Amino acid sequence: MYRHLKITLMLLPALAVLGGLFLGGLFLGLMRSFNYMPVIGLTRPSMDAYLAIFSDREFYRSFLLSIHISFTSTLISCVLAVGAALLLRRLHLGRTVITFLFQLNLTVPHLVGAIGILYLFSQSGVFARLAAEMDLISRPAEFPALVFDPYAIGIILQYVWKEVPFIGVIVLANMQTMGHDYEAVARSLGATRWQGFRYVLLPLIWPGLLSASVIVFAFAFGAYEIPALLGAHYPAALPVLAHRKYTDVDLAARPEAMALAIVIAVLSAVMLAIYIRISRRRNGC
Amino acid sequence: MTGFCTFLACATLALLLPSKLVAGTTDDALLQMGWDEIVELARGGEVNWFMWGGSDEINQYVSDYIGGLLRDRYDIVLNRVGVSDTVEVVNLVLGEREAGNLDDGAVDLMWINGENFRTMLQGDLVFCGYPDLLPNNVLVDWDNPAIANDFGVPVNGCEVPWSTAQFAFAHNTALVAQPPRSIPELLVWIRENPGLFTYPAPPDFNGSVFVRHVFYHAAGGVETLPDAFDQTRFDDVAARTWRILNGIEPSLWREGQTYPATIAALDQLYANQEVAITFNYEPATIGIGIENGSLPPTTQGYAMTDGTIGNTNYTLIPFNSPNKAAAMVLQNLLLSPEAQIEKAQPGVWGAQPGIDMTQVKGPLRAAFDATERHPNVVPVEDLAETVLPELQAAWITAIEQGWIAHVGNN
Amino acid sequence: MIGGDGIWARWFRTLTCLFLLVWLSLPMVPLAIWSFAHGWFFPDILPQEWTLEAWRHALSDKSGVLDALWLTVGIALAATALSILIGVPAGRALGMHRFRGKAVVEIMIMAPIIVPGIAVVLGLHSVFIWMGLTNTVSGVILVHLIPTLPYVILVMAGVFANHDPAFEAQARSLGASAFQTFRCVTLPAILPGIIVGALFAFLVSWSQYILTLIIGGGRVATLPLVLFNFATSGRNDLTGAIGMLYILPGLLILLITARQLSGCAGAVGGLGRV
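Heads up: the sequence lines are chains A, B and C, in that order. Residues in the first sequence are numbered from 1 upward in steps of one, following this note's numbering. Residues in the second sequence are numbered from 1001 upward in steps of one, following this note's numbering. Residues in the third sequence are numbered from 2001 upward in steps of one, following this note's numbering.
Check before you lean on any hint, since a few could be wrong.
[Unchecked claim] Stretch-level coverage of chain A by chain B, calculated; a stretch enters the list once three of its residues show a Cβ under 8 angstroms from a Cβ in chain B:
1. 80-88
2. 129-141
3. 144-155
4. 246-252
[As the list claims (entries may be wrong)] When the alpha-carbon atoms are kept at most 16 angstroms apart in a straight line, the in silico EDC-like pairs for lysine to aspartate or glutamate are as follows:
5. K2062/C / E1338/B
6. K2062/C / D1064/B
7. K1361/B / E1338/B
Just so you know, the hints here were simulated from the structure itself, not pulled from any lab data. Treat the numbers as computed from the prediction; the structure is a model and nothing was measured. We treat Cβ as the ideally placed atom computed from N, Cα and C, and that holds for glycine.
Produce the entire structure from the sequences given, and follow the hints as far as they go.
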């Protein structure tokens, strides 16, 4: 009995904060998305906000754009991170330097990276100027559109820049802890380099890679400031659309903003379920 | 360890502190007071002014110059709160009313006009009936319909003018020697110079006013549009406007597939020669931009032969401001000739006065007359030849929403 | 060693290494240049005029940048301290005990790491309005706990899972008070974990944008808000200077705590939300 009380007391503040703030916020968002809020006299729940967003073409375009941003940046980041880790793990000095650089990069906020990407890749940015210097282009419009573009290339570039180190650090550390033994055995048994990677190394780093990917995917899906800075004005990424509707002068748009927030929450709940399944299967860090 | 504990105690304490003290004087009592009483009431207090904060120069004028005078003369602390769009402030006050905060709001003064003013009035969010109490109110020309009406909505003692502004274009002389000097000429020019023009997507303030110029052109002149919103007339003119705007879309920057989101984004495109023409409701920003290095020195402001839209912008006290007396003292200071002249200096801001300078005599008047405009900013006389009025807010909202539905999201 | 490590392979690796180095630091370059430039337009590769004006302005009392810097530091420190205070006991409960409903508690602690802030904060905004917490520093600190607390708990749960309670029992049996035991036995053992957890909490709070924007209502002007405002208002010189200031604390913290970090990859995973 005493033990239970002690555990409860130890957990209580954390659960109060997360339950009150996190679940409370989600719950209130849900209520307001149904335009239901008895405290301010809204006593009849309605589906209007959901009907409004689900019948709006802009919602589907925004949703697809956000999925595209998350999926593409996660995939590219994973491939590059694993590739970099494979190349660098044997380079002793290189690994120390790169690991440190990766960590350094992890402390740089996304917002700063996004501004940097903007100055580098816009049609009059650093690369466009270099192209002009080399007479490849004569005016900015001839440089490919990489920011504010319909394919969200700028946004994806920013996520890749930021997430390759994140995934890379995890994969490098996973490779480090397992040593070379398994692979060496496989090679000595006649496995090719590819087979060694595919059947020995990849399964070992897979869980870490997967859970890192889920975090990256969910983050890219829900972040506001990066698409707000680098995205085209239409269609906007889902979080930008939600924020726009939330700050609309027309109060009727607020339940719609809440409904969009709930859509984002539902998708991230799916991500959470996947994440938990993965982390159940492995232990420690 | 001890330091850490002290720190934790401080952090916890900070969380527990009451957020604000409650205000004491009722609105009615305030409106009965004489000016000296109001100043005494305001003395030693603070005032929270929420305003668009995108210009460092305007911010400095407000924080340093106005804030300094307010501190030295009245012992009032001015907190300038910068926002990226005035709509956010309207929302803030609206949210407070929704949550039942009727006398202790966060906002004491806001910089406002047009749609936002209408929304504030409709939501019953405005403190009214006090401008006559301000001594400098005598300098305001309330007989001028462009002052007494804010985008067609009568001001009726609910706000106080601060500056007047008139839309102007600017071109990069290194790219375009002879810019188009009327809306029809501009439309032709865009087709002949593909990729060198665009405008910020409404509801951006400046993008929206550009679209209104095209709307006036499509209507055959603003005088053909009735004051009150007329749906049939709107549908007719709007259809033509969207046809024109969708017609030039392939000749815009990025073939019109996307539009810059803000005027600052357009200025960035302009500064880097992605486009050759920019514009602004406040022509003086051209001079400021050249001086601070955000616009190229080859920029020249110019007026249109068929006129451009002008407006007045105001300051407003929300209904639930807890520091109304201090806000009124601040408004009175903003109206003073010396503050208005300082604001008109090209190195400070360059904004045109909201008061009638012909009422001002003596050395102050001479100082104002001696004010020079930045050489690259369009001369006031060029602009003033034809000032087009703003439409009522209902028209503007309809135009913005129509643009989003028929041009922007198309 | 796997064979085939010829000179070309080594060259290839070194090149990749160099490429990564350049790629990782590249976006910082134009920001750094802009902070010393006066007007730097297409097609100039380098600014025509160099100046310290942006730095002078950013570091002067007038611009409010330094105020924002200290405010951001204060908020991040307060959120970190509260997270440690709340998170260490919770981490102990999760790391050292088995109990019914543990799985549910774990999911709840994991959830804020995956679910984005915007999904929660819009609903939370109305509660904070009622509680008078919007537009206040306290409200912002409180809302920052949502993303910071889970990292501290996760890190501490990992630390406590390897913690042997026998030492504590021994100290108590030798007559040490509960506080003495904590100070002299438990704390030294878990301190490295606390440092790592604090580092995450600080950096996560440091980089929050949308939570601060909505709950602070623009009035709690932390550095990311100021930076975003300048970045979207066309003052690239000031944006560059503020951007440089904004990444500085993170770099300093990393240099100081690099040793604690190098061990645990999962812990570094926490930085994914920074």
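Violated constraints from the hint list, given by number and in increasing order: Hints 1, 5 not satisfied by this model.
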